[in-house]
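**Student:** Each chain, written out:
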Amino acid sequence: MPDIPAPARGGLAIGAPEPLRADPHAVQWAPLRRAAVARAAPSAHARAVARLGSRTPENTTNLVLVLGRARDPHGGLWIRARLPARRAQTGWLPRSALGGYEEVHTRLVVDRARLTLTLLRNGRAVFRAPVGIGRAATPTPAGAFYVRDRLTRYASPFYGPVAFGTSAQSATLTDWPAGGYVGIHGTDQPGLVPGRISHGCIRLRNADIARLARLLPVGTPLEIR
Amino acid sequence: MSDRQLTRASLMRGGAALAAGGVALATWPLTTASAPSAKQDAEILRFALTVEDLQAAFYADAIKRAALKGELLEFAQTVGGHERAHAAHIRDLLGASAPKPRRFDFADTNADAKRFGATAIQIEEVGLAAYNGAATSLTSEALADASRIVSVEARHVSWIRDIVGETPAPRAADRPISAKEAQAALARTGFLR
Amino acid sequence: MERDLRLDDIDRDGAIADALGTMHGHTRADLLRGALVGGGALLAACAAPASASAASSRARDASILNFALTLEELQAAFYTEVERNRVLRGELKRQADTVGGHERAHVRAFRDVLGSKAIKRPHFDFGGATEGSDAFRRTAVAFEDLAVAAYKGQAPHIRSRAYLASALAIHSVEARHAAWIRRLAGKPPVAGPFDEPVSRPAATRIVARTHFVVRRTSRKGPRFTG
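As given, the protein sequences belong to chains A, B and C, one line each in that order.
Numbering of the first sequence is given in the numbering used here, commencing with residue 1 and proceeding in unit increments.
Numbering of the second sequence is given in the numbering used here, commencing with residue 1 and proceeding in unit increments.
Numbering of the third sequence is given in the numbering used here, commencing with residue 1 and proceeding in unit increments.
Next comes chain A alone, as it looks inside the complex (with noise of 0.2 Å):
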């Protein structure tokens, strides 16, 4: 009989493999490596739809949802992808334009008519907070958008301690620093909320914006109704 030492315990505990439960809620989103031109469909000579930057207006890392994916004729792998748009718009763009993927399991409500946001993960609803909106004249887009950043540069009373930067374009000047683009940020007039008050942002209570930014991923989904 082999006079050998039994074996030593692990110092690591290694449990059971880890399946992946389906995920009905996963969304993938990538930023753009570079400016890039989305196109109708997945092929280099498809007319082009909407010119992205790799830039937002704020200046931060331009992104896109992923929607699907195809191949070309020649094997290039294009990107169904969900764009900066008025209501809602998807485009294809070249798998190369893209860099990493990132997934949310979140997904943001905004009902005009109720007035309320609302943060859903995993199809559950984990935060409520009353909005002001655009007012008549100048109104909150509804549409498929998305959050394309979170800012604390802009920390001026009138924006709040945070702001999201949205793909929704505006048909109309937004309050949004660079114009034209759906913020979501909070307010120096809270009392105004909730209400039809501004030129198309999404506005929020101090403490409610703060209270969401802990919650809300970049790359969320965002549906205003």
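Quick caveat, the hints were computed from the structure, so don't treat them as lab data.
Every residue gets a Cβ at the ideal spot worked out from N, C-alpha and C, and that includes glycine.
Short derived list, chain C residues pointing at chain A, Cβ under 7 Å:
id, residue
1, Ala109
2, Asp125
3, Tyr163
Mind docking chains B and C on chain A? Use the hints.
**Tutor:** Relative to the frame of chain A, chains B and C by itself:
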């Protein structure tokens, strides 16, 4: 941490939240059973050699029996060659203290391709688990050398499991066995005369 | 066209070196300054004195565990993403789903033991390797063979017998993975009687050349808020 059972042992280990069985960095596991030594290395290598000799002889017997075709035959030929190379390497390391190969009796195990496959899985799994069990007792040098064989044994067992339709990697971490358990498992095969 | 593994590039932005921790206690800055030329300090760091202090043993083992964690994060993210992208079918899908489950369990085990000392989860850009079965196969073969070689390279340096036992238990599973994906890729599951180790710097360089590990913050460019 709230959803984990804190055992008394883990509480005594102190510090970080751990699943039962993990050892925190804060409480340093300085365990050494018996200290590694050249003498112990030789003991372990001699045992490993008996396993390699058994495996090499098993594959040689399987090929001789001519019950194997296609990828099963390719497997037996390739892996048999590896086991012979392993045995030769260990003999080289042991020098004069290397035991001669013993005789093995495989009876009619290899007359049937299916039995060959099941047996190959068995002896490869035992060999791998025995290597993993003994490896932590080796000196650093011997460990560095032996580990070059261990992963090849793992590839062997993965390959044959895949061929016969078993999942190649059933667990996230392979379980080691003691030399005693390995010896007993091999004795149960009846191959050791 | 998705990017292939670029074998001629180097880790230009230091993301890999950062993610994989310092090499032998020296920083990437030291490396660039040529501080390691002549190597007295490096030799001292590589040497294994008979009576290393418990504190330095603990620190070195923690560094090795973090190195292993980075490789596991890389693999786990790769397999998770390919499964989420739903591009694989049949045997290849079964391999990816199973192996992904193992790598995720490995990540959890390393994070549990390292606690606050664990490296931050890196960000990845797999550049198409998780979006087609051919690219997936090629990349998976490279990853698994690399993991086997890297664990093999580190094993003799692990001071704690307990951590060594765990590293070996994972090392042989990675070898099972490697043989499995190689067979699915039409390659020999086992190339020869001996597998060779790869050193930590060499493994770091190999990973760096893939450009799969990316930086998310850039001091020069716009502030990335993701």
